[in-house]
Each structure stands twice: as C-alpha cells, then as structure tokens.
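**Q** Going by the numbering used here, the letters in the sequence shown line up with residues -2 to 160, in that order.
A few of these clues could be false.
Unchecked claim - Each pair of labels, with its calculated beta carbon distance range:
1. ASP151 / PRO7: 19 to 25 Å
2. LYS61 / GLY28: 18 to 24 Å
3. ALA91 / SER32: 17 to 23 Å
4. THR40 / ASP151: 20 to 26 Å
5. ASP109 / PRO7: 15 to 21 Å
6. MET(-2) / SER154: 22 to 28 Å
7. GLY135 / VAL156: 18 to 24 Å
8. THR40 / PRO7: 33 to 39 Å
For the record, the hints were derived by calculation from the structure and aren't laboratory data.
For every residue, glycine included, the Cβ atom is placed at its ideal position computed from N, Cα and C.
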Amino acid sequence: MATTALGGNPVTTVGELPAVGSAAPAFELVGSDFSTVTLPTGTRTVLNIFPSVDTGICAASVRKFNELAAGLENTSIINVSADLPFAQARFCGAEGIDKVVSASGFRSSFGDDYGVRLIDGKFEGLFARSVVVVEADGTVSYTQLVPEIGTEPDYDSVVQALS
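Start from the sequences and build out the full structure, keeping to the hints where you can.
**A** Right, dumping it as structure tokens:
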C-alpha cells in the first residue's frame, strides 16, 4: 500500500504503482464512446490517472496533458478515472479535448492492477492522482504518485521522462 493525502488527511491506496523497469500491467478500460481501450503497443504511453474529471484539479490535468500531447512524438496519453464514459465524453466535448484518450476504469481491475484505488477517505473507490509512463516495449519508465490529491502532477518531470 502507498499513502497520499486528500485535504491534508492521509489516504491509502490498495497497492503500489508498478515498479520502474517492470512490465506495465495489461488493462481493458472503457472509452468515452464505450469502445475498449487497451495499452497501445509500439508507442510510448502516458497514463494520467485521477479521481474524477468533475473536480477542478483533475480537469486541469486533462487540459494540460491535451496541450502537451501536441509536442510529444510517438506518445499517446490516456486519461484514466472511475468516471462513467458519459461524464468523460461530456467534459471532453465541452472542453475541446481531442489529442488524448479518456478511459473509465468503472468495470475494470485497473485500479487494483496499478495500485491506485483508494481504500479509505471520502474518495474511497476512486483512483489516486498519479502518472505512469510506459515505453513502446511495454516497460514502465516513470511513475509519480502525487503526494496531495488536490495538486496537479509534476508535468515537467513527466516531459523530462519522455526525453
């Protein structure tokens, strides 16, 4: 288990993020159009993981990764939350989010497989804010569990990990 915080209060995840150098766990998520979203092969992937697109910080991270996507070669970005696909589609449509993929873990073991499902606190059952970078060969090259769920990820470190 790992610990992060929500409003300064410690909260615990079901496990740990995948170790750098390990194979990224396979997953099947549900896209905003109810299509199946899996880990792409042959391209680097950034998994932007967060509790809900209906919170300000989560929405800001989706916007920022959509902006960053334009400048990242051979890189796909998947925004992962427990939100229903309807909410993801509504947000992305209203915000013009079109350079990233949004995917829901609502009927997936993703939260447990990636160690990000919160097991206590008021967000119990949602995902801890974190980032995982997976190389084209499926190896995890970078992880970040944000120490306070109410803060944005360290975008500069993510971009640097992709350099």
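**Q** None of the hints should be skipped; say for each whether it holds.
**A** Going through the hints against the structure:
1. For the pair ASP151 and PRO7, the supplied restraint of 19 to 25 Å holds, since their beta-carbon distance comes to about 20 Å.
2. Checking the proposed 18 to 24 Å range against LYS61 and GLY28 shows it holds: the Cβ atoms sit about 21 Å from each other.
3. One distance hint, 17 to 23 Å for the beta-carbon pair ALA91 and SER32, holds here, with the actual separation near 20 Å.
4. Separation of THR40 from ASP151 is about 22 Å and conforms to the stated range, judged on CB atoms against 20 to 26 Å.
5. A hinted range of 15 to 21 Å holds for the C-beta pair ASP109 and PRO7, which are about 20 Å apart.
6. One distance hint, 22 to 28 Å for the beta-carbon pair MET(-2) and SER154, holds here, with the actual separation near 23 Å.
7. At roughly 21 Å, the beta carbons of GLY135 and VAL156 sit within the given window of 18 to 24 Å.
8. For the pair THR40 and PRO7, the beta carbons lie near 36 Å from each other, so the given range of 33 to 39 Å is met.
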